[in-house]
Amino acid sequence: MTDPSSPAVDLPSEEKGKTEAGVYEANQFKLMMRRFRKHRAAYWCAHIVLLLYIVCLSCNFIAPYDPAKIHEDWVNVPPQGLRFGKVDGFTLPRLYVHPYDLQIHPVTLRRVYQVDHESRVPLRFFVKGRSWKWMGIIPTTRHLFGVDEEAGETCFLLGTGGLGQDGFSRILYGGRISLLLGLTGVSITFVLGIMLGGVSGYYGGILDLAIQRVVEILQSVPKIPIWLAMAAAIPKSWSSLQVYFAMTLILACIGWTGLCRVVRGKMLSLREEDYARAASLAGATESRIIFVHLVPNFMSHIVASLSLAVPGMILAETSLSFLGLGLRPPIVSWGVLLQEATVDSIVNQTWLLLPALAVILTVLSMNFMGDGLRDAADPYAD
Amino acid sequence: MMLRYIFQRLMIAIPTLLAISFVVFFLIQLPPGSFLDAKIAAMELEGGVDMAEIETLKNTYHFDRPMIVQYYYWITGFVTGDMGKSFETDVEVTRTLAELVPVTAAISLFTIFFTWSLAIPFGITAAVKRNTPLDYLLTFVGLTAMATPAFIIALIFQVVMQSIWPQFDPTGLISREYANAPWSLAKFADLLKHLWVPVFILGVGGTAGMIRILRANVIDELKKQYVLCARARGMHPVKVILKYPVRVAINPLVSGIGSILPSIISGSMIISIVLGLPTLGPRVLQALMSQDTYLAASCVFIQCVLAVVGILISDLLLAVVDPRIKFGGK
Numbered sequence: 431m432t433d434p435s436s437p438a439v440d441l442p443s444e445e446k447g448k449t450e451a452g453v454y455e456a457n458q459f460k461l462m463m464r465r466f467r468k469h470r471a472a473y474w475c476a477h478i479v480l481l482l483y484i485v486c487l488s489c490n491f492i493a494p495y496d497p498a499k500i501h502e503d504w505v506n507v508p509p510q511g512l513r514f515g516k517v518d519g520f521t522l523p524r525l526y527v528h529p530y531d532l533q534i535h536p537v538t539l540r541r542v543y544q545v546d547h548e549s550r551v552p553l554r555f556f557v558k559g560r561s562w563k564w565m566g567i568i569p570t571t572r573h574l575f576g577v578d579e580e581a582g583e584t585c586f587l588l589g590t591g592g593l594g595q596d597g598f599s600r601i602l603y604g605g606r607i608s609l610l611l612g613l614t615g616v617s618i619t620f621v622l623g624i625m626l627g628g629v630s631g632y633y634g635g636i637l638d639l640a641i642q643r644v645v646e647i648l649q650s651v652p653k654i655p656i657w658l659a660m661a662a663a664i665p666k667s668w669s670s671l672q673v674y675f676a677m678t679l680i681l682a683c684i685g686w687t688g689l690c691r692v693v694r695g696k697m698l699s700l701r702e703e704d705y706a707r708a709a710s711l712a713g714a715t716e717s718r719i720i721f722v723h724l725v726p727n728f729m730s731h732i733v734a735s736l737s738l739a740v741p742g743m744i745l746a747e748t749s750l751s752f753l754g755l756g757l758r759p760p761i762v763s764w765g766v767l768l769q770e771a772t773v774d775s776i777v778n779q780t781w782l783l784l785p786a787l788a789v790i791l792t793v794l795s796m797n798f799m800g801d802g803l804r805d806a807a808d809p810y811a812d
Numbered sequence: 003m004m005l006r007y008i009f010q011r012l013m014i015a016i017p018t019l020l021a022i023s024f025v026v027f028f029l030i031q032l033p034p035g036s037f038l039d040a041k042i043a044a045m046e047l048e049g050g051v052d053m054a055e056i057e058t059l060k061n062t063y064h065f066d067r068p069m070i071v072q073y074y075y076w077i078t079g080f081v082t083g084d085m086g087k088s089f090e091t092d093v094e095v096t097r098t099l100a101e102l103v104p105v106t107a108a109i110s111l112f113t114i115f116f117t118w119s120l121a122i123p124f125g126i127t128a129a130v131k132r133n134t135p136l137d138y139l140l141t142f143v144g145l146t147a148m149a150t151p152a153f154i155i156a157l158i159f160q161v162v163m164q165s166i167w168p169q170f171d172p173t174g175l176i177s178r179e180y181a182n183a184p185w186s187l188a189k190f191a192d193l194l195k196h197l198w199v200p201v202f203i204l205g206v207g208g209t210a211g212m213i214r215i216l217r218a219n220v221i222d223e224l225k226k227q228y229v230l231c232a233r234a235r236g237m238h239p240v241k242v243i244l245k246y247p248v249r250v251a252i253n254p255l256v257s258g259i260g261s262i263l264p265s266i267i268s269g270s271m272i273i274s275i276v277l278g279l280p281t282l283g284p285r286v287l288q289a290l291m292s293q294d295t296y297l298a299a300s301c302v303f304i305q306c307v308l309a310v311v312g313i314l315i316s317d318l319l320l321a322v323v324d325p326r327i328k329f330g331g332k
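If you read the sequences in order, they're chains A and B.
The opening residue of the first sequence carries number 431 in the numbering used here; numbering runs sequentially from there.
The opening residue of the second sequence carries number 3 in the numbering used here; numbering runs sequentially from there.
If we strip away everything but chain B, and leave its shape as in the complex, we get:
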């Protein structure tokens, strides 16, 4: 049953992904002009236009062919694992990814861990102690944090840090003296010293949102009769809450795992740009702006793939956690 369901879902996912890849490629090619035009313009500014170089570029990247052909070359390459080269830096896209994805993923995974470890206890507390000052405080702080754009939190954080801890530079991930050094224990320690900043900033908003979801869910469950029944049987109050309502209330978080997958790469995008972190976000943005098609399209498309896979995973997990949900049925 389950295998058949997975197979069915995968069959639907393939045409979906093909359509997405086309949309992404089209979107990136949408602005008028191309990278080649910009390159020629830049060369003209510097003096002579090197026709030979232009010709080579044209031939390698099929600039003179219609878009659909360019798309064909890109997607066939992508499927076989060859994502082409960045126009700008002439570096293989796969190498750029290998360089940037680990850092990006590290930030996101730490953020998820931070978010969950704060949100679950606080969310349950707010629900159990609802309509007390503690609940109001949590709700107010949570709502305010949710209403604040992440980049504002980053800005305020930087200003506050500057006044209380001037020696510490919250931007970047690796101190200058380690920038080109090979990986060592000291460099890793330096990375950890910087990593908590984006994790904290990103975590604040996410935690707030999750506390609210969890609170609402636990409250819904607390009203149910089985809770009353368990209490009447003399079960320990803490155990009652942790064993029944929390287990049901956690479902939305489980189904949220799917949406975490793509956000492992894209979640820190805006913050990375503000804090100047060496993650995928700023690189993709730059690629989008300069119409560096292969790099931009590959990065955005990988995120879409992760999103589709993520939805599938969360559907499966939800069915595992909640036996009431059956595969395939609505």
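Chain A on its own, in the form it takes in the complex:
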């Protein structure tokens, strides 16, 4: 009953399975993609999601600064807007930013950053900077863009935080963690759901009973307090990598139950099909029947429902990390970045809310994409 678009009463699962097997006789993925492409908003949102993943995964190359680097002189700097125009000494127009003049307020002694409209700092492309490894193998120091740091130039496109760390770079690096956390969480969900659901549905009997009881127990446990309890149980002494994997497991181990039920239901109806029996008579092993003959029948459904699970995980990570229960610095994730956003800091430094914008954009486009995929996977669509 989690699927809001399905009619209130499902058909008996056996009947549904049979019709589906008929419609999806061959390459259901192609059919699904054809329908998906017609769903314009979802199709474009899928591109946005893809772009977000590409940008955030190549943060080492795109981000101009090291996310942990502290610029003592540039604390809480407002965003330096990217502009396009002529920079002296160069004939063609190019991208530039206006630099800031650092002044100390004579009375309050606070730092005041005044935009210097006269001078222009051109962005340089493929500059040398901190070293990183391409695909984790080939060492390089090239970055997509940057400025002449030795001449004291800066380009904080999205401002800096309370420690003078570049907001743009941190959002990219944070995105890598947050987006990957959603993806790894879903992969674990996927493996657990398919394995346990498949076994439960295919073999039935006492194994089925045991697995279904566990699923029932997990499903009747309210999510938020259990998340909090598990997140609070992560020892403080763990390294950030261990915490990261623990968080992924926490998020995944609650989500797999729904998938397990779906897979079990499909399995129950499909294992009686003639082709399953034929495969078994031909001497195929049970794991081959399950994964080669049965699972592909409802793969498109699973992909759709999983794509709707990713944004939920990203939101959960953000909330938990914001409360200080999830990931902790020095790991940078969107939730960790938002720890800096308090009522007092936002009033003066609105740009500290930008990571939230990244979260909203991601979740929004993922939801759109997931909705579209689900509609496309539904054989009763049009």
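Hints were generated in silico from the structure; no laboratory data involved.
Worth double-checking, as some hints may not be accurate.
As the list claims (entries may be wrong) - From chain B, some residues computed to sit far from chain A (all C-beta separations above 12 Å): (1) V81; (2) V93; (3) L187.
Unchecked claim - Pulled from the structure, derived: some chain A residues nowhere near chain B, Cβ distances all over 12 Å: (4) N490; (5) R541; (6) D546; (7) T570; (8) V644; (9) L750.
What the hints assert, rightly or not - No farther apart than 30 Å at their CA atoms in a straight line, the calculated lysine-lysine pairs in the DSS-like style are these: (10) A:K653 <-> B:K131; (11) B:K226 <-> B:K245; (12) A:K653 <-> A:K666; (13) B:K87 <-> A:K666; (14) B:K131 <-> A:K468; (15) B:K225 <-> A:K460; (16) B:K87 <-> B:K60; (17) A:K666 <-> B:K41; (18) A:K666 <-> B:K60; (19) B:K225 <-> B:K131; (20) B:K225 <-> B:K195; (21) A:K468 <-> B:K225; (22) A:K468 <-> B:K226.
Predicted, not measured: the structure shown is a model, and the values here were computed from it.
For every residue, glycine included, the Cβ atom is placed at its ideal position computed from N, Cα and C.
Knowing the structure of chain A, use the given hints to seat chain B on it.
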């Protein structure tokens, strides 16, 4: 038939709940060390360790016994209504609950009321006027609200309030001058003045989600032939919609009542922590962090009980609302 069904469900629920209680207790005990270790460490910092006090604590709460024994003491106490005391404050868990649950429940019930009274008309409107600018606006606002974490809505709300209404403090539930005053009409009015903030913030996300569910369901129903038939017979268009499709489309909301029950206590958790509301959420979080086992386990377990009962209630209600669903059958 119905009584037998309820009985059957209850029989299944009891072992389920026992298993859940064990999982919850185990989970809370999972972090290394215990409250006692932390207490001894704190005493060492302050100077001498009072061995006598440690001994009493150990004896009352069975810290030296294995976990399974501690669990046994807790669950037997829980069943008889004695939930033990909080290690930290030495206050009975039942008293803490009696203090915090009414406020928590009030916030949640108001939120549910707010959500439903907005979502039902808007959801139906969006479905009937689908693919019009109004529908697009509702869909866009709804999706954005759903994609925004609740704590961000709370933050933005606080910042906006600070600039347009600086005298108003959106955090907390009761103004300082009433904090220790006995309950009176003025205090109640003060509570109401603060209550709408969490209700609004919590309601925004929930309303958005519900509008989308309702819209999808009503659209599904509008395509059905009985709607066409009713229209052809010359029934008033508004009546057609309210009488047939809406009645079917409301089913998922009815089945959602079950999930509302546990959320009456846990729904406002994150927002309460952000806004500093005196509800169960922040208290449970603190108890979890300091391994205040009895308090944390009792609170989390009560929510689990509510969840199990809630699922049962929603199954029963669904059968009442939708006569096509039969008890026990699949």
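Would you say L187 (chain B) is clear of chain A, with no C-beta pair closer than or equal to 12 Å?
Per Cβ check, L187 (chain B) is outside 12 Å of chain A; nearest 31 Å; holds.
V81 (chain B) and chain A, when compared Cβ to Cβ, separated by more than 12 Å:
holds, 18 Å
Distance restraint between K468 (chain A) and K226 (chain B), which requires alpha-carbon spacing of 30 Å or less:
Measuring from Cα to Cα gives roughly 24 Å; hence the hint holds.
Are K226 (chain B) and K245 (chain B) close enough, with their CA atoms no more than 30 Å apart?
holds, 14 Å
Satisfaction of hint between K225 (chain B) and K468 (chain A), Cα-Cα up to 30 Å:
holds, 20 Å
Hey, K87 (chain B) versus K60 (chain B), does the alpha-carbon distance stay inside 30 Å?
holds, 13 Å
Non-interface claim for V644 (chain A), where every Cβ of chain B lies beyond 12 Å:
Violated, because the least Cβ-Cβ distance between V644 (chain A) and chain B comes to about 9 Å, which does not exceed 12 Å.
Pair hint outcome, K653 (chain A) versus K666 (chain A) [Cα-Cα no greater than 30 Å]
With Cα atoms ~22 Å apart, K653 (chain A) and K666 (chain A) stay inside 30 Å; holds.
Would you assess whether T570 (chain A), listed as outside the interface, keeps its beta-carbon beyond 12 Å of every beta-carbon in chain B?
holds, 36 Å
Is the straight-line distance between the alpha-carbon of K666 (chain A) and that of K41 (chain B) 30 Å or less?
At roughly 17 Å apart (the allowed maximum being 30 Å), K41 (chain B) and K666 (chain A) satisfy the hint.
12 Å Cβ clearance of V93 (chain B) from chain A:
holds, 20 Å
Would you check the hint for K131 (chain B) and K468 (chain A), treating anything up to 30 Å between C-alpha atoms as holding?
With Cα atoms ~22 Å apart, K131 (chain B) and K468 (chain A) stay inside 30 Å; holds.
Hints 8, 9, 10, 20 from the earlier list are contradicted by this structure; the remaining hints agree with it.
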